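Use the sequences and the hints to build the structure in full.
Protein chains in written order, with the working numbering: chain A, 445 to 654; chain B, 445 to 654; chain C, 445 to 654.
Calculated directly from the structure, the hints in this document are not laboratory data.
Possibly wrong hints are sitting among the right ones.
Covered by chain C, per the in silico footprint, the following chain B stretches (three or more residues, Cβ under 8 Å) [unchecked claim]: (1) 463-474; (2) 480-492; (3) 546-560.
Note that the structure is a prediction, hence the values are computed from the model and not measured.
Where is the CB? At the ideal position from N, CA and C, for every residue including glycine.
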Amino acid sequence: MFDVNLTTLIDYLGTFAFAISGIRLASAKNFDWFGAYIVGLATAIGGGTIRDLLLGLTPFWMLQPSYLVVTAVALIFVIVFGRYVIRLSNTFFIFDTIGLGLFVVVGIERSLGAGFPFWVAIIMGMITGSAGGVMRDIFINEEPLIFRKDIYALACIFGGLIFFASDWTGLPQLITQVLTISSVILVRILSVKYHISLPILKGSENEKQD
Amino acid sequence: MFDVNLTTLIDYLGTFAFAISGIRLASAKNFDWFGAYIVGLATAIGGGTIRDLLLGLTPFWMLQPSYLVVTAVALIFVIVFGRYVIRLSNTFFIFDTIGLGLFVVVGIERSLGAGFPFWVAIIMGMITGSAGGVMRDIFINEEPLIFRKDIYALACIFGGLIFFASDWTGLPQLITQVLTISSVILVRILSVKYHISLPILKGSENEKQD
Amino acid sequence: MFDVNLTTLIDYLGTFAFAISGIRLASAKNFDWFGAYIVGLATAIGGGTIRDLLLGLTPFWMLQPSYLVVTAVALIFVIVFGRYVIRLSNTFFIFDTIGLGLFVVVGIERSLGAGFPFWVAIIMGMITGSAGGVMRDIFINEEPLIFRKDIYALACIFGGLIFFASDWTGLPQLITQVLTISSVILVRILSVKYHISLPILKGSENEKQD
Numbered sequence: 445m446f447d448v449n450l451t452t453l454i455d456y457l458g459t460f461a462f463a464i465s466g467i468r469l470a471s472a473k474n475f476d477w478f479g480a481y482i483v484g485l486a487t488a489i490g491g492g493t494i495r496d497l498l499l500g501l502t503p504f505w506m507l508q509p510s511y512l513v514v515t516a517v518a519l520i521f522v523i524v525f526g527r528y529v530i531r532l533s534n535t536f537f538i539f540d541t542i543g544l545g546l547f548v549v550v551g552i553e554r555s556l557g558a559g560f561p562f563w564v565a566i567i568m569g570m571i572t573g574s575a576g577g578v579m580r581d582i583f584i585n586e587e588p589l590i591f592r593k594d595i596y597a598l599a600c601i602f603g604g605l606i607f608f609a610s611d612w613t614g615l616p617q618l619i620t621q622v623l624t625i626s627s628v629i630l631v632r633i634l635s636v637k638y639h640i641s642l643p644i645l646k647g648s649e650n651e652k653q654d
Numbered sequence: 445m446f447d448v449n450l451t452t453l454i455d456y457l458g459t460f461a462f463a464i465s466g467i468r469l470a471s472a473k474n475f476d477w478f479g480a481y482i483v484g485l486a487t488a489i490g491g492g493t494i495r496d497l498l499l500g501l502t503p504f505w506m507l508q509p510s511y512l513v514v515t516a517v518a519l520i521f522v523i524v525f526g527r528y529v530i531r532l533s534n535t536f537f538i539f540d541t542i543g544l545g546l547f548v549v550v551g552i553e554r555s556l557g558a559g560f561p562f563w564v565a566i567i568m569g570m571i572t573g574s575a576g577g578v579m580r581d582i583f584i585n586e587e588p589l590i591f592r593k594d595i596y597a598l599a600c601i602f603g604g605l606i607f608f609a610s611d612w613t614g615l616p617q618l619i620t621q622v623l624t625i626s627s628v629i630l631v632r633i634l635s636v637k638y639h640i641s642l643p644i645l646k647g648s649e650n651e652k653q654d
Numbered sequence: 445m446f447d448v449n450l451t452t453l454i455d456y457l458g459t460f461a462f463a464i465s466g467i468r469l470a471s472a473k474n475f476d477w478f479g480a481y482i483v484g485l486a487t488a489i490g491g492g493t494i495r496d497l498l499l500g501l502t503p504f505w506m507l508q509p510s511y512l513v514v515t516a517v518a519l520i521f522v523i524v525f526g527r528y529v530i531r532l533s534n535t536f537f538i539f540d541t542i543g544l545g546l547f548v549v550v551g552i553e554r555s556l557g558a559g560f561p562f563w564v565a566i567i568m569g570m571i572t573g574s575a576g577g578v579m580r581d582i583f584i585n586e587e588p589l590i591f592r593k594d595i596y597a598l599a600c601i602f603g604g605l606i607f608f609a610s611d612w613t614g615l616p617q618l619i620t621q622v623l624t625i626s627s628v629i630l631v632r633i634l635s636v637k638y639h640i641s642l643p644i645l646k647g648s649e650n651e652k653q654d
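Structure representation (structure tokens):
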């Protein structure tokens, strides 16, 4: 059920960190264990699921149960270690960011494998990395965080551009993958460290929904 | 347009009860008739639609219009009988619960028919039974009820396990179906009657979204 | 990348107007540029995406990047012209309504092309025209506007009925398209001008979610 190599190890660590992020936000809403599990799962596999539906493929987690198991481990982890998890925020930020980089690579390669052009692949890399967080925020009934704060989805797009620049240069696949993941991590860390974010689109009262 | 046998009768009763649940919650939000119809429809067919998209099948309600008609009847019922519907809560709870059991069986059998393994089928049984309610709560802009209250999705999973235990034992299909539906109904009724629910995952202020 | 003929011109104007509507509502929520872009995109292409997933087709915007470009232009337009956009409300209402009519025709024809019967096609016409607005409202965390206000989705369904009446009469395709678009525009304008809307479904406190 679990393959063991570096890619899958990073994949599971990323899944674990994404799931933890969902489970923690669900706990702030006093969801029960089941609700927290589903929110964790949506965070971890939601992006890849939307990607696979758009690409016309069977969602990846329906082909092997390991992602469900990793999310269950994340839930047990939060139940057992509770508030201590908060102290590990930096550790999870690292996992989460490495996972984000890998998710981008997985999304791009899966799209190219399905015969789509590079600009679709870049979008799918971004969706793989960030749509799970949007699904999480819809489930907990909040405005999606990535629409208001931080460079997150843009880090995925930047990574996607690096992927194709590297690929176009003729670099070997492994180098392309490492460069892509590194660039996602770099942009994400720099933007958080230096509080770099996109401008807010200013609205006025007149523009309210009704 | 309407087949008549016990399975489809239960199917339509379940659809009707699910639709009523959506329409009533939409009315509490002062949605108009159209909004109430769509929320009723999402509640009744949303789970099966998500299931079919994940399985790569054409959504079941696109193959025959009866589900749209049953939901329209439910809307007319609420418009005509209004507040009296509330007094029938227990009746609808029974319909809803029997429908839930049947939806689980339908979801499992449809997944197996599409060639997926048993653990995917159990998840699809749960999605068929409970994702419509989540879609309903997203449409009315509330935190999904099943993430916070009662044993609902877990009753579906329990039913799924009974299905495979029964199937593995070699019992005839009809017995397996009846056992599955009965076990979903039993778990659901016991959990409501004795207020059995999953533990809440405790959060802290620090875990807020931002 | 951009075809030039009347249909595509209307298509891009409609996409532009739909995107503006999403971007303006995102700005009222103080989303950043990226968030506003995604909400604009969801409004413009969300309906067609859901339609294509239900029909089992590759989402239309993955086949050519023009819709992403038009939405980017809409974002730049709002960033540059800001509050002045509000004064153009009537202009956008016209674009939006013409776009709505065209989206209905596109949705119907794409469904028939995929082999579905007329009642599915009418629903897909409605989904093409109105599901993007629902997605927009979920992203900005509001109750969907079309569930509470105005004749919007019903204008799409009326247009769909006109399409099939015209088609059944044996009128040429172009006439059928023009009649459909005109009838959607007419119903929409009349309902807004004379404040015609569907009855609200009255609820009571007892019907609250929990």
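Status of each hint after checking the structure:
1. 463-474: holds (count 8)
2. 480-492: Holds, because 3 residues of the stretch 480-492 of chain B bring their Cβ atoms closer than 8 Å to Cβ atoms of chain C.
3. 546-560: Check failed, 0 qualifying residues.
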